[in-house]
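Trainee: Make the full structure from the sequences, and use the hints.
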Amino acid sequence: MKFLSRQAAVSFILYLGLMQTSCDHRELCFDHTHWTDLKVKFDWSAQPDATPKTMVLYLFPIDGEKPLRYEFSDVNGSAIRVPAGGYNAAVFNGCTESIVESGATFDDFVLTTDVENILAPMSRNPLPEPPRFDAVKDEPVKASPDMIWADMMENISVTMSQGQAIKFTPVESTVTYKIILTGVTNLTPSLGISGAISTMSENFSPAMKNHTGRNVTVPIALSMTAPSTIEGSVTLFGHCPTSEQQHIFTLYTSDKHYYNFNVTSQIHDAPDQRRITIIIDGIKLPEQNESGGMFPSVSDWTEDVYLDVDMS
47 MKFLSRQAAV SFILYLGLMQ TSCDHRELCF DHTHWTDLKV KFDWSAQPDA
97 TPKTMVLYLF PIDGEKPLRY EFSDVNGSAI RVPAGGYNAA VFNGCTESIV
147 ESGATFDDFV LTTDVENILA PMSRNPLPEP PRFDAVKDEP VKASPDMIWA
197 DMMENISVTM SQGQAIKFTP VESTVTYKII LTGVTNLTPS LGISGAISTM
247 SENFSPAMKN HTGRNVTVPI ALSMTAPSTI EGSVTLFGHC PTSEQQHIFT
297 LYTSDKHYYN FNVTSQIHDA PDQRRITIII DGIKLPEQNE SGGMFPSVSD
347 WTEDVYLDVD MS
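Straight run, no breaks: the sequence shown in the numbering used here ends on number 358.
Worth flagging that the hints you see were computed from the coordinates, not collected in a lab. Only true hints are included.
List time: in silico DMTMM-like cross-link candidates among lysine to aspartate or glutamate, alpha-carbon distance up to 25 Å:
#1 K112 - E200
#2 K255 - E147
#3 K99 - E218
#4 K330 - E277
#5 K224 - D327
#6 K213 - D89
#7 K224 - E143
Mentor: In structure tokens form, the structure reads like this:
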């Protein structure tokens with residue numbers, strides 16, 4: 047039988063000591079983060095007609111650690127595994143097309159959208175960038191958001207006890223504008239059309255339960271619904287009703303004509319700020335040739351009209 051030398055024996059003992067210290071350290075780290083079951087419920091009583099595809103939960107640790115994100119395929123909720131601790135929470139519907147999640151803290155977290163081409167809804171061959179109304183020409187152009195249903199909860203305490211549950215009651219957190227243009231002359235299906243609305247909010251903050259951010263312009267898809275009628279609708283985060291800035295609706299056509307309308311009063315004075323209808327009557331488009339196309343257009347965009355549109 048071979049015996050270890052004195053030096054080897056000492057080295058072996060030190061090695062065992064280090065291994066024990068290392069294991070103790072890993073055990074302490076494991077014990078520091080206790081995971082437990084937490085039942086998450088979504089109560090749709092406030093929005094029975096909501097149609098979310100999934101629901102997203104963000105848990106923001108009060109101690110400043112990175113947030114935890116969970117996505118639920120069951121929009122009524124289910125159980126999750128969570129480290130014990132204190133949290134602030136934000137919930138909203140997921141599996142959306144245009145929503146971008148941004149921010150690492152509860153107070154800074156927002157839902158927003160990406161930058162968009164102002165003529166994107168027209169779906170025609172590329173056209174040069176059109177002029178913008180002077181008062182809003184520097185606003186970023188952002189895509190329209192999907193409909194959002196959201197809620198939040200502060201100071202949640204998750205312990206190692208059994209049977210813990212939290213319940214959220216999501217409510218609609220976006221607004222919808224309907225655009226109706228009547229009495230439009232020289233309108234044909236061959237003409238490409240789209241619109242844009244200015245001075246809208248850039249983000250939605252779950253923590254504030256309100257829209258936030260810079261003023262932005264949002265493109266709007268429009269279509270011909272009758273021989274002299276154009277209609278469209280757009281989902282938005284909202285607007286600031288006390289803002290002194292104007293809300294400009296712009297109609298763009300594929301022959302490079304554009305029409306600006308000040309619709310501030312229609313927006314600010316609407317009785318239902320979540321369902322706003324903008325009505326404009328009497329737009330005269332350029333005449334068309336007999337083949338149905340437009341007369342040869344100039345290379346630059348042409349502004350045909352600017353009007354203040356009141357509620358009458």
